[in-house]
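S.K.: Take a look at the letters that make up each chain.
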Amino acid sequence: MISVTGVTKRFGAFTALNDVSLEVPEGSLSALLGPSGSGKSTLLRIIAGLDTGDRGQVLIGGVDQTLVPARKREIGFVFQHYAAFKHMSVRENVAFGLKIRKRPKKEIASRVDELLGIVGLSGYQDRYPSQLSGGQRQRMALARALAVEPRVLLLDEPFGALDANVRAELRRWLRKLHEEVPVTTVIVTHDQEEAMDIADRVAVMSHGTIEQVGPPRELYEQPTSDFVMGFLGPVTELGGHLVRPHDLHLSVDAREGAAEAMVARVTHLGFEVRVDLVLADGGAIGAQVTRGEAEALELREGDVVWVGPDRGAVQLPAAAGADELPLSA
Amino acid sequence: MSSERVTRIGLRTVALGYLFALLFVPVGIVLYKTFEPGLGNVWASITTPAAIHAFWLTIMVTAIAVPLNTALGILAALVLVRGRIRGKPLLDALIDLPFAVSPIVVGLSLVLVYGANGWFGGVLTSAGIQVIFSWPGIVLATIFVTLPFVVREVAPVLREVGDEQEQAAATLGASRRQTFLRITLPAIRWGIAYGVVLSTARAIGEFGAVSVVSGRISGQTETLTLLVQKRFENFDLAGAYAASALLAMIAMTTLLALTVIKPRKEHE
Chain D
26 MISVTGVTKR FGAFTALNDV SLEVPEGSLS ALLGPSGSGK STLLRIIAGL
76 DTGDRGQVLI GGVDQTLVPA RKREIGFVFQ HYAAFKHMSV RENVAFGLKI
126 RKRPKKEIAS RVDELLGIVG LSGYQDRYPS QLSGGQRQRM ALARALAVEP
176 RVLLLDEPFG ALDANVRAEL RRWLRKLHEE VPVTTVIVTH DQEEAMDIAD
226 RVAVMSHGTI EQVGPPRELY EQPTSDFVMG FLGPVTELGG HLVRPHDLHL
276 SVDAREGAAE AMVARVTHLG FEVRVDLVLA DGGAIGAQVT RGEAEALELR
326 EGDVVWVGPD RGAVQLPAAA GADELPLSA
Chain W
32 MSSERVTRIG LRTVALGYLF ALLFVPVGIV LYKTFEPGLG NVWASITTPA
82 AIHAFWLTIM VTAIAVPLNT ALGILAALVL VRGRIRGKPL LDALIDLPFA
132 VSPIVVGLSL VLVYGANGWF GGVLTSAGIQ VIFSWPGIVL ATIFVTLPFV
182 VREVAPVLRE VGDEQEQAAA TLGASRRQTF LRITLPAIRW GIAYGVVLST
232 ARAIGEFGAV SVVSGRISGQ TETLTLLVQK RFENFDLAGA YAASALLAMI
282 AMTTLLALTV IKPRKEHE
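Those protein sequences? They're chains D and W, same order as listed. Here the numbering used here is used: the first residue of the first sequence is 26, the next is one more, and so on. Here the numbering used here is used: the first residue of the second sequence is 32, the next is one more, and so on.
Mixed in with the good hints, there may be bad ones.
[As the list claims (entries may be wrong)] Derived, one-sided and incomplete: chain D residues facing chain W with beta-carbon distance under 7 angstroms:
#: 1; residue: Leu-75
#: 2; residue: Leu-92
#: 3; residue: Ala-95
#: 4; residue: Arg-96
#: 5; residue: Ile-100
#: 6; residue: Phe-102
#: 7; residue: Phe-104
#: 8; residue: Ala-108
#: 9; residue: Phe-110
#: 10; residue: His-112
#: 11; residue: Phe-121
#: 12; residue: Gly-122
Simulated from the structure, these hints should not be mistaken for lab results. A virtual CB, placed ideally from N, CA and C, is assigned to each residue, including glycine.
Produce the entire structure from the sequences given, and follow the hints as far as they go.
M.R.: As structure tokens, this is what we get:
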């Protein structure tokens, strides 16, 4: 288990972390999710000991690590740009931590082979990092981090430099790996889909503070702030409330709680249809309906429809500064 | 012929012609003139006691100055790139000073500081140490003029490799020393190698500063470059060419050594 208490970190006038506290349960796969500059990487680096907080405490497995240097924290760290040792072969890269620990040669050899098997790089022992693809380099970096049997595994945007399809594949692979080797893992990402897909707990960060922590579904269905709601999925504003576009219901007839709106544009996006609407007061709102619904309503530009939240829709009162919302995808 | 082709061939001709006129012709003529009188004469003129002494003095000075500057250069590059100290721009500018200052000025300033009437002159004389008009002065002058090479070769490489590999090594349990020896040093080794080759070439070839501090005492403080100059002034052209060829040979051996130790394919 990792517990962080009251950690503050300033870089000059910029406050990267402001009195942050977080508990990461033993054996969990947790994500730190937030936009760039939210402090998520700084928090991870402070847990690793690569940075030190100005204030606060870091405990790993109940032992205070605040003043312990990175090399003695028994952690595994994976960097966004792999940090492969370029002058060493794959085998030497993975063996590095074990050599530092002066383990017997035989043990190192068998452990390296075992790890290369786990990460799917058997047969690549004698290659150099420059001869590997980005995905392979990152898997090598993971094997290198796991070789020393770390108490916690920390990944800083590990798939950030990879192509979308490789990223999706490695994500599934990491999830599976975590089931096989259930070491407490923290992954930093700015991609909400990645966090929801991979982690069993997500901490959403913004401006150096943690906004909300919980299982992905709980965050999506019960966001406690408009920031969290906006960061985890698209939102639109209706009648002073934030609501998700797919939680809006369109009808030809008037309905309680619904507002009259004119269809400004209908965009077909495969299985879903995005409908841009203009309300009577001039406000714009976007709804997302299925193809079937759009066809049943026979939506055309200029039509007048009634738009209101579905029953059970997630709604939050819109804050005054709602225009600052990070409207993601 | 297309105009593009004409341009290309024209540019190549200019580039090769430039190299030929300024590099190959003079070096070629030196070698030709050296061996024109015959091998026996060449051998005789580079095995005179003065020449042998000059050769070994040059080698000794280089063997002291280059390793010292290599170690200090790596350290300075680390401070410049990785250090968190104030006054880095000042240090950065200071390191280039030997490039900016004329070697003659370097020599004169060394005389002013370490000479018999210089700042430390009294202290050194009473301690029985002679710096100026002796080999320690030559070593000091050589260290001064070759100071920037290793730093200037290593610093950009350090900047380029970044410190992520070092951080990774730390998370894997490596101490600072282990990280330096196993990660940093191998990453910058070619920068160091080029710095060493350049320093060596400059150390062997230095004339101005050495000429001022050495006193040019034949058989005592005369380096190879000084010997070439003396022979040239004394109208011993064949002897001057022979010594020049020897200088060129040492320089080429250094370059050759680099080419040999550098593997054909770099895994980077």
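S.K.: Confirm or reject each hint.
M.R.: For each hint, the structure was consulted:
Taken as an interface hint, D/Leu-75 checks out: its beta carbon lies about 6 angstroms from the nearest beta carbon of chain W, inside 7 angstroms. Given the 7 angstroms rule on beta carbons, the hint for D/Leu-92 is violated: about 15 angstroms separates it from the nearest Cβ of chain W. With its C-beta approaching chain W no nearer than about 5 angstroms, D/Ala-95 sits inside the 7 angstroms limit, and its interface hint holds. A cut of 7 angstroms between beta carbons decides the hint on D/Arg-96: the least distance to chain W is about 5 angstroms, and the hint holds.
Hint on D/Ile-100 holds. Least Cβ distance to chain W is approximately 6 angstroms, under the 7 angstroms limit. A distance limit of 7 angstroms between C-beta atoms decides the matter here; for D/Phe-102 the minimum to chain W is near 4 angstroms, and the interface restraint holds. About 5 angstroms separates the beta-carbon of D/Phe-104 from the nearest beta-carbon of chain W, less than 7 angstroms, and the hint is met. Interface hint status for D/Ala-108: upheld, as the beta-carbon distance to the closest one in chain W is roughly 4 angstroms, under 7 angstroms.
Among the interface hints, the one on D/Phe-110 holds; its C-beta lies about 6 angstroms from the nearest C-beta in chain W, closer than the 7 angstroms criterion. The criterion of a C-beta within 7 angstroms of any C-beta in chain W is met by D/His-112, whose closest approach is roughly 4 angstroms, and the hint holds. For D/Phe-121, the shortest C-beta to C-beta distance to chain W is roughly 5 angstroms, which falls under 7 angstroms, so the interface hint holds. Annotation: D/Gly-122 was flagged as interfacial toward chain W, and the flag holds, the nearest CB pair being 4 angstroms apart, inside 7 angstroms.
Hint violations for this structure: number 2 only, all remaining hints satisfied.
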